[in-house]
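Residues per chain are reported as follows:
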Amino acid sequence: MNTVWLSSNLSWIAELTFAHLWLTVVPTALGLVLALPLGWWAHQVPRLYGFIVGSSGLFYTVPSLAFFVLLPGIIGTRILDPLNVVIALTVYTIALMVRVVADGLASIPPETVQAAEAMGYRAFQRFVLVQLPVAVPVILGGLRVAVVSNISIVTMAAIIGVQQLGSLFTQGYSLGLMTPIVTGIVLCLAIAVVLDLLILWASRALTPWRPKEVAA
Amino acid sequence: MIVFDHVSKTYPDGTMAVEDLSFTAPNGKITVLVGPSGCGKTTSMRMINRLIDPTSGTITLDGQPTAGIDKVELRRKIGYVIQNAGLFPHRTVVDNVAALPRLLGERKQDARDRARQLLNLVGLDESFARKYPWQLSGGQQQRVGVARALATDPPFLLMDEPFSAVDPIVRAQLQDEFLKLQETIGKTIVMVTHDIDEALILGDQIAVLRQGGRLAQIASPEELLRAPADRFVADFVGTSRGYRSLGFIHADEQLTVRHTPAAPLGSSAAALPPGSDGWLVAVDEQARPLGWIHRERIGEVVTAEAVDHAGSIAAEDAPLRDLLDAALSSPSGDGIVAGADGGYLGTVGTSDIVAAIQRSKRGRARPADEEAGDRA
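Quick note, the sequences are listed as chains A and B, same order. According to full-length UniProt numbering, the stretch in the first sequence is residues 1 to 216, in order. According to full-length UniProt numbering, the stretch in the second sequence is residues 1 to 376, in order.
The reader is advised that the hints may include incorrect statements.
Said to hold, decoys possible - Derived SDA-like pairs: lysine to any residue, alpha-carbon spacing no greater than 25 Å straight-line:
1. B/K108 x A/V136
2. B/K108 x B/V72
3. A/K212 x B/E126
4. B/K131 x A/L129
5. B/K131 x B/P155
6. B/K77 x B/N120
7. A/K212 x B/D95
8. B/K131 x A/W40
9. B/K180 x B/E126
10. B/K71 x A/V136
11. A/K212 x A/E111
12. B/K361 x B/T239
13. B/K361 x B/R321
14. B/K71 x A/L129
15. B/K108 x B/Q141
16. B/K77 x B/D53
17. B/K131 x A/S107
18. A/K212 x B/D53
19. B/K71 x A/W40
Everything labelled a hint here was simulated from the structure, so no lab data went into it.
All chains should be modelled from the sequences, with the hints used to inform the complete structure.
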């Protein structure tokens, strides 16, 4: 372990960690918000389920590097703009979450939704007050996968020069040092664990109504 | 009052779910739609609150055509009880009941207070209020479902197979309690069931539908059993309809009640009279009948262990069916009758009950005879 490199780069590492954090959290949150109406639509119109879920899922197959490089040409951003990364990761999140949201809505007992309709809940009230809260465990379960996957995809942005923990890998490679690389991996893992636990905690906090799990 | 006026529902693929259905569900009464699966009974009920829109015809609520009322506004005026209750799993019991009042802007505390009263009304005490639906049995969930449907005190109530997902014992209990509840709330109710027994127990009037949503007969339970309109209704009502119809007939004054001697628990065998063929009626300290007891099975004194519980006990004011059942199930051949206070009254013989049944049939046949006479 090269402690000299570590101690002289502490503040830079901290900056990279924060950058990595917001480059992960913002697109994940945005993607979730955008996936909600799309997932609802796919659930609501069974004929379109295959099309909506399939076509949004297709975006996941676009290589992230290609995305980062192509986006400025498509939407007119600068090549170094972190916005490219945010948009690309938002798209990946949508790709993962549309199916999750649709399946989460499908997991609700049909008579619960039917009862809400028959009681006089309007479609939006039904979605916000009944369907969404009941689908929370499934949706946030999917979000845990999306956030961890985003943490790893963000590192690719180092290649186009957007600073975050991935920059430690390119740095380590060019300096021939293992320490930055190991530091980057450890911090990525740490962020993954923290965000994963946060979502897990949020899911439990939002669903006090679920049967208590038998100790795993 | 809910009125169906030549209502039909045809699906785009040409399936006729309901065909030219006309009937009236009177205020304060329970109208049961019953029929085999695919007879359009659920479709018919769901057209009332426009979960399904009719293809033709009109449905009016107290004279107002439902087609002219906003769907959501309409539904908020009509309580809905669904099979399996359909409770909101993420809300506590009290908040399930308070959900609609809250949605309509009522203050949380007021809505919850009223919800607690309603829970009480359906037989759930305070300890259930803070539980979540998964912590309740099926029967308890169904009670919450009924309370939730009453939360805004709607004049109309629709019930879709409300008691069919619970076991028979709980179902009988829920039906019984529901009838008592209806006596106090007096809602205009349309209920769907596939179970003719449930229809006969709960319905003030029963509409029997046949395949394709055509009305086969609409009548009171008694009339349905006595005079089914055709073979289909007769078959649907079932082979034991003769016996069931006795559930709506009461004994007349002429029914002989015999005074079979009683054998109080703890009394000494030597002091007891011979009884009828050795059979006596065992009674407890409050003179309530417990069952039959045979002299030969009594030792020194009359004990609870020696009582034969096979025979059912009919209440004095019970319909003939209960009296007949008491006699048929009895080891002695006679049925035990208890008074209104639960005390032992006497016994009735099978032949006397059958005579009472025949007298009641003659009484019912008379108007028909007169009609025949008029025509002649």
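These are the hints, each one checked on the structure:
1. B/K108 x A/V136: OK: B/K108 and A/V136 at ~24 Å, within 25 Å.
2. B/K108 x B/V72: Measuring from Cα to Cα gives roughly 22 Å; hence the hint holds.
3. A/K212 x B/E126: OK: A/K212 and B/E126 at ~22 Å, within 25 Å.
4. B/K131 x A/L129: holds (19 Å)
5. B/K131 x B/P155: Roughly 28 Å separates the two Cα atoms, so the pair is violated.
6. B/K77 x B/N120: holds (22 Å)
7. A/K212 x B/D95: Measuring from Cα to Cα gives roughly 20 Å; hence the hint holds.
8. B/K131 x A/W40: violated (29 Å)
9. B/K180 x B/E126: holds (21 Å)
10. B/K71 x A/V136: violated (29 Å)
11. A/K212 x A/E111: holds (23 Å)
12. B/K361 x B/T239: The hint holds at about 19 Å.
13. B/K361 x B/R321: holds (14 Å)
14. B/K71 x A/L129: holds (19 Å)
15. B/K108 x B/Q141: Answer holds: B/K108 to B/Q141 is near 22 Å, not above 25 Å.
16. B/K77 x B/D53: The given pair, whose Cα atoms are some 17 Å apart, holds under the 25 Å limit.
17. B/K131 x A/S107: holds (22 Å)
18. A/K212 x B/D53: Distance ~42 Å between A/K212 and B/D53 Cα, so the pair is violated.
19. B/K71 x A/W40: Cα-Cα ~22 Å, so holds.
The structure fails hints 5, 8, 10, 18 (numbered hints given earlier, in ascending order).
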